[in-house]
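Undergrad: Sequence:
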Amino acid sequence: MKFTKRIVVAMTILPIVGAIVLYASVGADSGQTSIAMVNGSVITTQEFKSELEKQRTSVIDYFYRSKGVAYGKNFWETDYNGENPEETAKKRALDEIIKLKIELELAEQHGLIQGTSYDDLLHEMDKENKRRLAAIKAREPIYGPAQLDESTFMNDYISKLRMQLKEKLSEDELNVTEEDLKRHYELIKETLFTLENRTRFQKISVSYKEDAQSKTTNPKKQLIKKRMDAIKRLLDQGEEMDQAINELQGENDAFVVRFTEENLNKDTASTYFKSQAVLYSVLADNLGVNQVSSVFDETMQGEYVVVKVVSREKSGYKSYDESKRNVWKNYVDTAYGDYLDKLIRESKVEIDESTYKKVHLH
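If you read the sequence shown in the working numbering, its first letter stands for residue 1253, the second for the next number, and so on.
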């Protein structure tokens, strides 16, 4: 479906104060009072307060990190270097709801939903929860909790709706072409589509698995760690790995020091990642050729390990055809964000200043 409806150019949402169009709201605030409108779609105080609560933690964290202000009495009412926590939270909440309203408007225009109001969303949540109850009574499987709260439902519902919307928009408004995707692949392949480098490495390991407890207080485990530390010192002094083992491995040792030469590449990376996560991390952390790692505890295998990289070779990239869906997703995510920003800038936002000012955080 072609998107043909024009969005009236009016005002940006920044700043909130200033030239604001007012409209009347009557009666006591039952949660359905209009606090703002976006292209004619109402934002109620109920949904504004719901979004405002979501902003609480991030705003507290922002003021702590940026201004060194700890949350306490009168936090929301106090200005800190000209910035007020409550107004910051309200501004962020309003921005998020305006963005959501624009997305819901697009979804409605493309036939994905029937309405854009908060009640419409709550109605969808009620339908989903009733479906879950019916499935449980019928002994049918459901995913997640028996009943979804508002936050969980909204996150899931909007996420799925957003993906459908991106699919629709990519056909027309975003006009995603094969040439666009191929150019984008070249831009991001170094970051997202590099294959696992071929890394050849030598490994010294001593298992402590036979010790059932394997605690740091276990005398044998401590002895193994001391032996590995001694091997590490020899390696740092220029000894080869096999020589260091021969020098320190006693004939009557109760444990065996093992020496292997192994390869990490695109075929073995998954196995190492799953079974030897610490080793994988050490090798992936740009350990240079001929560089020796520190002694580390590979707990999944129950052994102390030290490794030395012998060689590294680049393996190239996943092909465009192999990566096409992920290229599309990355490109459309960016294009969708830019398109949404444009619609937000062009949107007609009307705020009831008197109602807005009555909403407070405590």
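Please note: incorrect hints may appear among the correct ones.
[Said to hold, decoys possible] Pairs of lysine-lysine residues, derived as PhoX-like cross-links and limited to a Cα-Cα distance of at most 25 Å, are as follows:
no., residue 1, residue 2
1, K1306, K1319
2, K1594, K1412
3, K1306, K1609
4, K1609, K1484
5, K1566, K1526
Hints listed in this document are in silico derivations from the structure and should not be mistaken for laboratory results.
Undergrad: Now tell me, hint by hint, if it's right for this structure.
TA: Here's how the hints hold up against the structure:
1. K1306 / K1319: Holds. K1306 to K1319 sits at ~21 Å (cutoff 25 Å).
2. K1594 / K1412: 22 Å, holds
3. K1306 / K1609: 19 Å, holds
4. K1609 / K1484: The hint is violated at about 66 Å.
5. K1566 / K1526: Since the Cα atoms of K1566 and K1526 sit roughly 22 Å apart, the hinted pair holds (cutoff 25 Å).
Checked against the numbered hints listed earlier, the structure breaks hint 4 alone; every other hint is satisfied.
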